[in-house]
Amino acid sequence: MTMNQNGELLRIENLSKIYTIGGRLFGSKLAAVNHENLGMGTIPEILTIAGESGCGKTTLARMILGLISPTFGAIYYKDKDVTKIARRKDRMAFMKQVQTISQNPFENFNPFKKVESYLYETALNFNISPNKKEASFVIDDALKSVGLSVSEIVNRYPSELSGGQLQRVAIARSIITKPALLVADEPVSMVDASLKMSIVNLFKDLKEKRNISVIYITHDLATAYYISDRIAIMYRGSIVEVGHVEKVLGIPMHPYTQLLIESLPQADVDAKWKSEIKLSAMEVKEYSKLGCKFADRCPHAMEICRAKEPEKLLIDDRTVMCHLYKK
Amino acid sequence: MEVLTSKDLKAYYHTMLFGVKRTVKAVDGVTLSVNENEILGIAGESGCGKSTLLKVLVGLVKPPLNVVGGEIIYRTAEREVNPYSISKDALDKIRWKFVSYVPQGSMHVLNPTRKIIHTFTDVINAHKNGVITSNPRVVIERHINSLGLPLEVLNSYPHQLSGGMKQRVSIALVTVLKPNLIIADEPTTALDVVVQRGVIQLLRRVQQEFRNSMIIVTHDMAVHANLTDRIAIMYVGKIVETGRTENIFKHPLHPYTRFLIASLPKLGDKTQKSSAPGYPPSLANPPSGCAFHPRCPHVMDICKSHNPELLGTGGQQVACFLYREVQKI
Chain A
101 MTMNQNGELL RIENLSKIYT IGGRLFGSKL AAVNHENLGM GTIPEILTIA
151 GESGCGKTTL ARMILGLISP TFGAIYYKDK DVTKIARRKD RMAFMKQVQT
201 ISQNPFENFN PFKKVESYLY ETALNFNISP NKKEASFVID DALKSVGLSV
251 SEIVNRYPSE LSGGQLQRVA IARSIITKPA LLVADEPVSM VDASLKMSIV
301 NLFKDLKEKR NISVIYITHD LATAYYISDR IAIMYRGSIV EVGHVEKVLG
351 IPMHPYTQLL IESLPQADVD AKWKSEIKLS AMEVKEYSKL GCKFADRCPH
401 AMEICRAKEP EKLLIDDRTV MCHLYKK
Chain P
17 MEVLTSKDLK AYYHTMLFGV KRTVKAVDGV TLSVNENEIL GIAGESGCGK
67 STLLKVLVGL VKPPLNVVGG EIIYRTAERE VNPYSISKDA LDKIRWKFVS
117 YVPQGSMHVL NPTRKIIHTF TDVINAHKNG VITSNPRVVI ERHINSLGLP
167 LEVLNSYPHQ LSGGMKQRVS IALVTVLKPN LIIADEPTTA LDVVVQRGVI
217 QLLRRVQQEF RNSMIIVTHD MAVHANLTDR IAIMYVGKIV ETGRTENIFK
267 HPLHPYTRFL IASLPKLGDK TQKSSAPGYP PSLANPPSGC AFHPRCPHVM
317 DICKSHNPEL LGTGGQQVAC FLYREVQKI
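In the order they appear, the protein sequences are chains A and P.
Using this note's numbering, the first residue of the first sequence is number 101, and each one after it goes up by one.
Using this note's numbering, the first residue of the second sequence is number 17, and each one after it goes up by one.
Treat the hints as calculated values from the structure; they're not laboratory data.
Don't be surprised by glycine CBs; every beta carbon is placed ideally from N, CA and C.
Some hints here could point you the wrong way.
[Unchecked claim] Example chain A residues on the side facing chain P (calculated, C-beta under 8 Å, incomplete): (1) I185; (2) A186; (3) D292; (4) S294; (5) Q358; (6) L360; (7) I361; (8) I377.
[Claimed, not checked] Below 25 Å or equal to it, Euclidean Cα-Cα: the simulated SDA-like pairs (lysine to any residue) are: (9) P:K194 <-> P:R130; (10) P:K282 <-> A:W373; (11) P:K289 <-> A:R330.
Given only the sequences and the hints, what does the whole structure look like? Please build it.
This is how it looks when you write it as structure tokens:
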């Protein structure tokens, strides 16, 4: 994964973000992302980052977007370290390439601004088109590819559109700059059940028709399985298992992945749960623990798990961070 | 035996802004009943009126929301009560003991400056009526134990607990007086899968322990599949289909339900799924006739002008003109 070869879209090397809780003197440290490595190739793919809230998936996404700076480590986008971008011009060029879609479409749009103004601003600020007239062609094209027409949103305020429509406008806005990578943080968690799949299908379309890679952050494993090519499971700041989605979710190896899949409610009345599971009582403490952070909840925990952090092992086309598979 | 019944319930939001009167028919003719020892699920998309329906059912109606028609009956052990025809004091007496309500985002209801145990004793003292006399702590500890929660939470402040634990504590709080009916609004939304499973596990445990009835509102069909006995599907202020959970999942009748069930993603299934066409209409300006007709692939002329009734026999009822012929026979 850390191969230093040309033609990689994104490479994360030894990336960490450490937050200090409490005072500088007596406060404790919390590694939201802990020495993580991850890579994405130039062939368009959808990579899911899944895990429970507070596992560091949003922190990782925000670091990739350059919204927060890592404590240490590097993020290479097309072999350029984006954590060291200083000039505004370079930052704009990076933002043109890497766009974001956030969770709640209602919080994203200013209620006093017409939604189309966001589309025009993006087109003009990034010099996609020289004037408003030409921008309208670009916008029309972007809206069409998300299944909307200009007449549906022209002169409308955010309150006049539904959540599903707004999320489509947000996706249309992000593809105006013709990005190579989209970072979507829980894009469907606020969208109605009956419209969820149409938004999820959009990401598939963008990958296939526009060659856009997507980092899809979610805790919904069912939609993750449906759209993604690869999946990374995070737990307490570490990616515990990463690989092809059929492999990782089909035959999970890490005990945490197994627990996640077991906990996923299936929309199938014949697949109701029979057993009960164990939950962690005090979650924050788990970050500062030595060894494997899942050890207290793990049914296969051994002595070594509490003493030593497991290495990342390459088994069966995937990377697993667990002592169980160490030979 | 039904614990709660509602007949043709109508609750509208009336607003007046600059002399413009607006009426939002959030609950428009809902007939519904919950049996003893049964979990009823209400599903529907956001803005279809499901939270308003719950508020009306527990009697938390405040202007601009008004109940304009229909009735609700609570069947307590002694008598039948209509919550809108009794005094506020009498209603306060049956709350928590007969019916209790877990509102949306209920993990934020806990007082941040008081330990959890004090919140519990407050509830018990306010509603004791001679039921719990001596030492409330013993009762609370027994209750927390029976639900499988750690006893340390009682001496914690809310900020020391995680979101999932706060949610479970608030469910423990509403069940401490062993109500006959628990009404929960989106109890698992905003939680992760593992914690969500813990909360569902707890709700099921409560139900098995106390043999009471529950109404659970959520838009997550997977939660319905795992938890409920019966489902009511709501669309734009009306119930469009109700039936046993197995029937709804295996043989959905209403076109909207069919779209909803067919679009559910499953692990191990990569076949193309699609959503219902179009967008949900606004409650303030619903389409004429059947509210689903602009999105429905089987639309007929009658759908545009008339509103179908909820009809059917036995396990499953549906409000759709497609089944009118079948229902007549």
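Against the structure, the hints come out as follows:
1. Hint status for A:I185: violated, given a least beta-carbon distance of 33 Å to chain P, over 8 Å.
2. With 8 Å as the threshold, the beta carbon of A:A186 stays out of range of chain P, its nearest partner Cβ sitting at about 37 Å, so the hint is violated.
3. Proximity of A:D292 to chain P holds as hinted, the smallest CB-CB distance being about 4 Å (cut-off 8 Å).
4. With a cut of 8 Å, the hint placing A:S294 at the interface with chain P holds, because the nearest CB-to-CB distance is about 5 Å.
5. A hinted interface residue such as A:Q358 counts as satisfied when its beta carbon comes closer than 8 Å to some beta carbon of chain P; here the least separation is about 11 Å, so the hint is violated.
6. At a threshold of 8 Å, the smallest CB-CB gap from A:L360 to chain P is about 6 Å, leaving the interface hint in force.
7. For A:I361, the interface hint holds, since its Cβ comes within 8 Å of a Cβ in chain P; the closest pair sits about 7 Å apart.
8. At its closest, the beta carbon of A:I377 sits 6 Å from a beta carbon of chain P; the interface hint therefore holds under the 8 Å criterion.
9. With a CA separation close to 23 Å, the supplied pair P:K194 and P:R130 stays within the 25 Å bound.
10. For the hint pairing P:K282 with A:W373, the CA-to-CA distance comes to about 15 Å; that is within 25 Å, so the pair holds.
11. Annotation: proposed proximity of P:K289 to A:R330 holds, straight-line Cα distance about 20 Å (limit 25 Å).
Checked against the numbered hints given earlier, this structure breaks hints 1, 2, 5; the rest are met.
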